[in-house]
Amino acid sequence: MLRLAVTTDSETFERMRDPLEARGIAVEHLPAKERSIRLAGTGESFDVGFVYPTRLMEGGALDARAPIPWVNGRDAVLTSRNKAGVVAALSRAGLPVPETRMLSNPVDEGVVLDAVADLSYPLVVKPNSATRGVGVAKVADADSLLGVVDYLNLVHDFRSTGDKSYLVQEFVADARDYRVMVVDGEVVGGVERRLPESLGEGRWKHNVHRGATATAVDVSEEHRELAVSVAETLGIDYLGVDLLVSPDRTLVSETNARATIDHEKYDDDFWDRLAALIRRAAGRPDR
1 MLRLAVTTDS ETFERMRDPL EARGIAVEHL PAKERSIRLA GTGESFDVGF VYPTRLMEGG
61 ALDARAPIPW VNGRDAVLTS RNKAGVVAAL SRAGLPVPET RMLSNPVDEG VVLDAVADLS
121 YPLVVKPNSA TRGVGVAKVA DADSLLGVVD YLNLVHDFRS TGDKSYLVQE FVADARDYRV
181 MVVDGEVVGG VERRLPESLG EGRWKHNVHR GATATAVDVS EEHRELAVSV AETLGIDYLG
241 VDLLVSPDRT LVSETNARAT IDHEKYDDDF WDRLAALIRR AAGRPDR
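For what it's worth, full-length UniProt numbering labels the leading residue of the sequence shown as 1, then goes sequentially.
It should be emphasised that the hints constitute simulated quantities derived from the structure, not laboratory data. The reader is advised that the hints may include incorrect statements.
Stated by the list, open to error - Taking CB as the label site, the calculated pair distances span:
1) E225 to P69: 25 to 31 Å
2) H29 to S144: 23 to 29 Å
3) E221 to D108: 33 to 39 Å
4) G185 to L119: 41 to 47 Å
5) M1 to D114: 56 to 62 Å
As the list claims (entries may be wrong) - The calculated SDA-like cross-link candidates involving lysine to any residue, where the alpha carbons are at most 20 Å apart (straight line), are:
6) K164 to P127
7) K138 to L154
8) K138 to L103
9) K164 to L95
All values derive from a computational prediction rather than experimental measurement. Cβ atoms here follow ideal geometry from the backbone N, Cα and C, with glycine treated the same way.
Whole structure, please, built from the sequences with the hints as guidance.
Shown next, in the form of structure tokens:
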């Protein structure tokens, strides 16, 4: 039986255990944070890992002690985390993305205003590498844009701040929010994320961690082809592709190489496809 290292102990870990064990893969937790790591000698022995740790320094130490082949290794996680890089790569490949500007602090107010001079308000401001909608704001005019930028400047003043960049992006009105899951070049399902009416008007972030609900949907052929093209362009085998679908266009808003498994909303062969990908990453495709 293959030993699979999983660095999260949240929903994904619990959901993986039984289905993968039934397919000859033992799912075990490899903590990568909030622990001490003995650096001398060898570490835990695993055949393969599922998604490189979010904390890259700790992940590097664990990998140096006992190298593990990963489904979504360090490069894949870094690629997806860099929202600006994703937008640029997809745009270059001719795939539809929102109009976006990347700002790298420190920059003067004039640089910010010049960057968005050809865009229309409202606009969306988001940290380049944050997740779960953290730090994302919608701004209605230049004054509110510069106000949000002031807060980002305060955060970026701390020398320990790693990523000092942020994005300013067009706001897509009346858009429905979908996540399409791609595993090894095949779409395995998708969900639509909506905010419940109980949260009241004025809320627009559709992150599940912000209270949105995810409902399974039949993914259209157009959206399937687009999601697969995104995964191929980025070279990522396990990828959540976020789409904004308005009445007149579909755009790729973000990607997630660490997407939480929501298998009950995926196709019936999801676990077979994931198990096959894990075995291939381990170098044992026929086991």
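Going down the list of hints, with the structure as the test:
At about 29 Å, the CB distance of E225 to P69 agrees with the hint of 25 to 31 Å. Between H29 and S144 the beta carbon distance is about 44 Å. The supplied range of 23 to 29 Å is therefore violated. Take E221 and D108: their Cβ atoms lie about 47 Å apart, and the range 33 to 39 Å is violated. With their beta carbons about 34 Å apart, G185 and L119 fall outside the hinted range of 41 to 47 Å.
At about 59 Å, the beta-carbon gap between M1 and D114 stays in the expected band of 56 to 62 Å. Between the alpha carbons of K164 and P127 the distance comes to roughly 8 Å, so the proposed pair stays at or under 20 Å and holds. Distance hint between K138 and L154 is fulfilled; the C-alpha atoms sit about 19 Å from each other, no more than 20 Å. A distance of roughly 16 Å separates the Cα atoms of K138 and L103; the hinted pair therefore holds under the 20 Å criterion.
With a C-alpha separation of about 27 Å, the suggested pair K164 and L95 falls outside the 20 Å cut-off, and the hint is violated.
Violated hints, in rising order: 2, 3, 4, 9; the structure is consistent with all others.
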